[in-house]
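> Going down the list, the sequences are from chains A and B. When we follow my numbering, the leftmost residue of the first sequence carries the number 1, and every step to the right adds one. When we follow my numbering, the leftmost residue of the second sequence carries the number 1, and every step to the right adds one.
Take these hints with a grain of salt, some might be off.
[Unchecked claim] So the derived label-pair ranges between C-beta atoms look like this:
| id | chain 1 | residue 1 | chain 2 | residue 2 | range |
| --- | --- | --- | --- | --- | --- |
| 1 | A | M459 | B | T29 | 45 to 55 Å |
| 2 | A | E28 | B | N107 | 30 to 40 Å |
| 3 | B | G182 | A | F24 | 33 to 43 Å |
[As the list claims (entries may be wrong)] Negatives, chain A to chain B, calculated, CB over 12 Å:
| id | residue |
| --- | --- |
| 4 | L165 |
| 5 | G251 |
| 6 | I383 |
| 7 | G386 |
[What the hints assert, rightly or not] Some chain A residues judged to face chain B by a derived CB distance under 7 Å, without partners named:
| id | residue |
| --- | --- |
| 8 | P9 |
| 9 | I10 |
| 10 | L12 |
| 11 | S38 |
| 12 | S45 |
| 13 | G227 |
| 14 | F230 |
| 15 | A237 |
| 16 | F262 |
| 17 | A266 |
| 18 | M271 |
| 19 | F273 |
| 20 | D325 |
| 21 | S328 |
| 22 | F346 |
| 23 | T350 |
These are computed hints drawn from the structure, not numbers from a lab. Beta carbons are placed, not taken as given, at the ideal position from N, Cα and C, and that holds for glycine.
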Amino acid sequence: MMLIFLRVPIGLSMFLAGLVGLIFVTGETTIPFARLKSEVFTTFSSYSLTIVPLFLLMGHFATLGGMSQALFKAAESFLGHRKGGVAMASIGACAGFGAICGSSLATAATMSRVALPEMKKYGYAGGFSTATLAAGGTLGILIPPSVVLVIYAILTEQNIAKLFLAAFIPGILAALGYVIVISIYVRLYPESAGVRERVPYSERMRALVDVWPVLVVFIAVVGGIYGGIFTPTEGAAVGAFGTGLIALLNGGLHKDTLAESFYVTARSTAMIFFIVLGAAFYNGFLALTQVPQEIAEFVVSQGFSPWLVLIFVLIFYLILGCLMDSLSMILLTIPIFWPVMQGLDFGMVTMEMVQADRAMDVLSAGIPEGMGQDMLASIKGAIADGAQLTKDQMKSLGIRVSEGMVNRIETEQVAIWFGILVLIVVEVGLITPPVGMNLFIINAMDRSTPIVETYKAVMFFVASDLVRVVILLAFPAITLFLVGY
Amino acid sequence: MHSFFLRLSRVMAYLGGLMLAALIVLTCTSIIGRELNSVFHYMAKNDILPIVGRYFLDLGVGPVNGDFELIEAGVAFAIFAFLPLCQITGGHATVDVFTSNLSPKVNRVLRMLSELAFAFVLVLIAVQLLSGMQSKIRSGTTTYLIEFPLWWAYALSLVGATTAAVVGVYMAIIRVGEVVTGQSMIPSEVGAEH
């Protein structure tokens, strides 16, 4: 940890910590060095991690294909004439772009290029514009596909498709929250935003039609992954191919821009994979020392309320998120926090709930053959009372629900819920003054606005984020109901 | 000198990018083949133009054999090929909140130390990859489906790893030089992206 704060690259710090730690624990260099022989290769040749460079390339192609303009134009034509409408349109366009781009900073940077000049034109205050875009950028990572979620899924061994699905509603909520913030802000400070003239409906429709490539790519990628037509990695490849093709047809993709895409993708990919490698090494060391297990046992044995622990962890992320980028943070901390979370009992699901769910599945497909009326009535009665089903009842339904199954479902639900919460909290860090990364990126694009102005305006968005975290924390169902058991 | 290494890194990154593009095409071909394959099977089975279905099946329309293995081998090369560029442009993620208040001199020394460590690690990785490759040659391990020797993939990756090691050492030398002379020797780095 000390190394990281001394500006040693994060991946390198973890790698060195892992290496030195392993040498220290095993007392010699043979084992750690021997691990290097194949571990580096296997980490870099991981099939599921292939998704990362593919998503990055896809996001870049999407920029080249002029999709950010199309999205912004469409959103602007619908929302532009309202109070603060151009800002709302930026949020909408960010959400749309987030659906084909897996990175916050890329979303923020891309949308700024399109939306900042437009907001200037209609008399929006500089700080307000930059803050809006910084906040909108965080939608890039929240709305699937998302690179950070992929990494989280791999670390906690969860299903990527399910996590994407779970992130969907919180993502929409985030966009709505930001829109509300904007409408409050422009009423508090009416001088900070201008109004754009109304656009006729025919033009709106034309702008909407221009968005079709984004929709096609999004549906193909997310739909294909979720529908089981292809693996997430294949989905990313399809997405990259699709956006690349669109960019090619629009004339945005030629030799120079392709080289540029490779350049940018290469830099980010190398950075991410070096962190992943460092984390793998560091985690190997942690696992050997059993520290995460001990921490987990310690926390569980203290008998703290699971909610208290969770809130504590989230606050920790909030603070850390101001200092570090989201990916490194997830890689550094999830291996420690996840075992702790697994050890806690949030009571997401119970035996009765799973039984009832499975029973309803069977019954909704038609009443099984040979089931007597009284049996059916007794099952329905048990479900209505929230009581456990008896062995006979389950047998007649042809279902089996074991203790282990319920535990597995509970773990999965907690993993998904926790993942989404962490993702949001980490993203809040990206826009929290004074060190939020998104703020710097956007501010660098608008030299005329002092960063203090951005700081002031962004606090409103941070507040909306915090409210959302509390809502999602209090009602796990918002995140989980799409996923099911 | 610097422009040579920069160009070398760029070329590696482009090669890696081309590999990535090739993998994308490969994957898409494989998906289309797989889906068509099931369509033709369906046709042959359910008497919907069975001759057409059978014809294409006999042509061998189907998923690309061993696409997983090819992707894994290819992406490893791409990632290793991306490393030098990240190294030379200072693209690694850092936390600089606490060091931004320190003097340029202290920062320079810190950077030199981390760059030295980086060079050491990259050389170590390349050397160990080489010995990993040698053991794969000896054991004759092949991949599961198309059974190409695994050491081919290692050899391909080694090209990138070696370049990264060379560039890493070069950067370390530059940073040492900077501390000694007290001034920047290369054009200032492009900010890290995250």
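> Over 12 Å to the closest beta carbon of chain B is the bar; see if A/G386 clears it.
holds (44 Å)
> Quick check on the hint: A/S38 CB to chain B CB, less than 7 Å?
Result: holds, 5 Å to nearest chain B Cβ.
> Given a cut of 7 Å on the nearest C-beta pair, is the interface hint for A/A266 held or broken against chain B?
OK, holds: A/A266 within 7 Å of chain B, min 4 Å.
> Falls inside 30 to 40 Å, the C-beta gap from A/E28 to B/N107?
holds (35 Å)
> Are A/L12 and chain B close enough, Cβ to Cβ, to be under 7 Å, as the hint says?
holds (6 Å)
> Is it true that B/G182 and A/F24 lie within 33 to 43 Å of each other by Cβ?
holds (36 Å)
> So, A/T350 near chain B? Judge it on the closest CB pair being under 7 Å.
violated (39 Å)
> Tell me if the interface restraint on A/P9 is satisfied: Cβ within less than 7 Å of some Cβ in chain B.
holds (4 Å)
> Does A/G227 meet its interface restraint, that is, does its C-beta lie within less than 7 Å of any C-beta in chain B?
With Cβ-Cβ at 12 Å, over 7 Å, it is violated.
> Would the hint on A/S45 be counted as holding, given a Cβ-Cβ threshold of 7 Å to chain B?
holds (4 Å)
> For the hint on A/A237, does the least C-beta distance to chain B fall short of 7 Å?
With a minimum Cβ separation of about 4 Å from chain B (threshold 7 Å), the hint on A/A237 holds.
> Hold the hint about A/F346 up to the distance rule: shortest CB distance to chain B must be less than 7 Å.
violated (31 Å)
Checked against the numbered hints given earlier, the structure breaks hints 13, 22 and 23 and satisfies all the rest.
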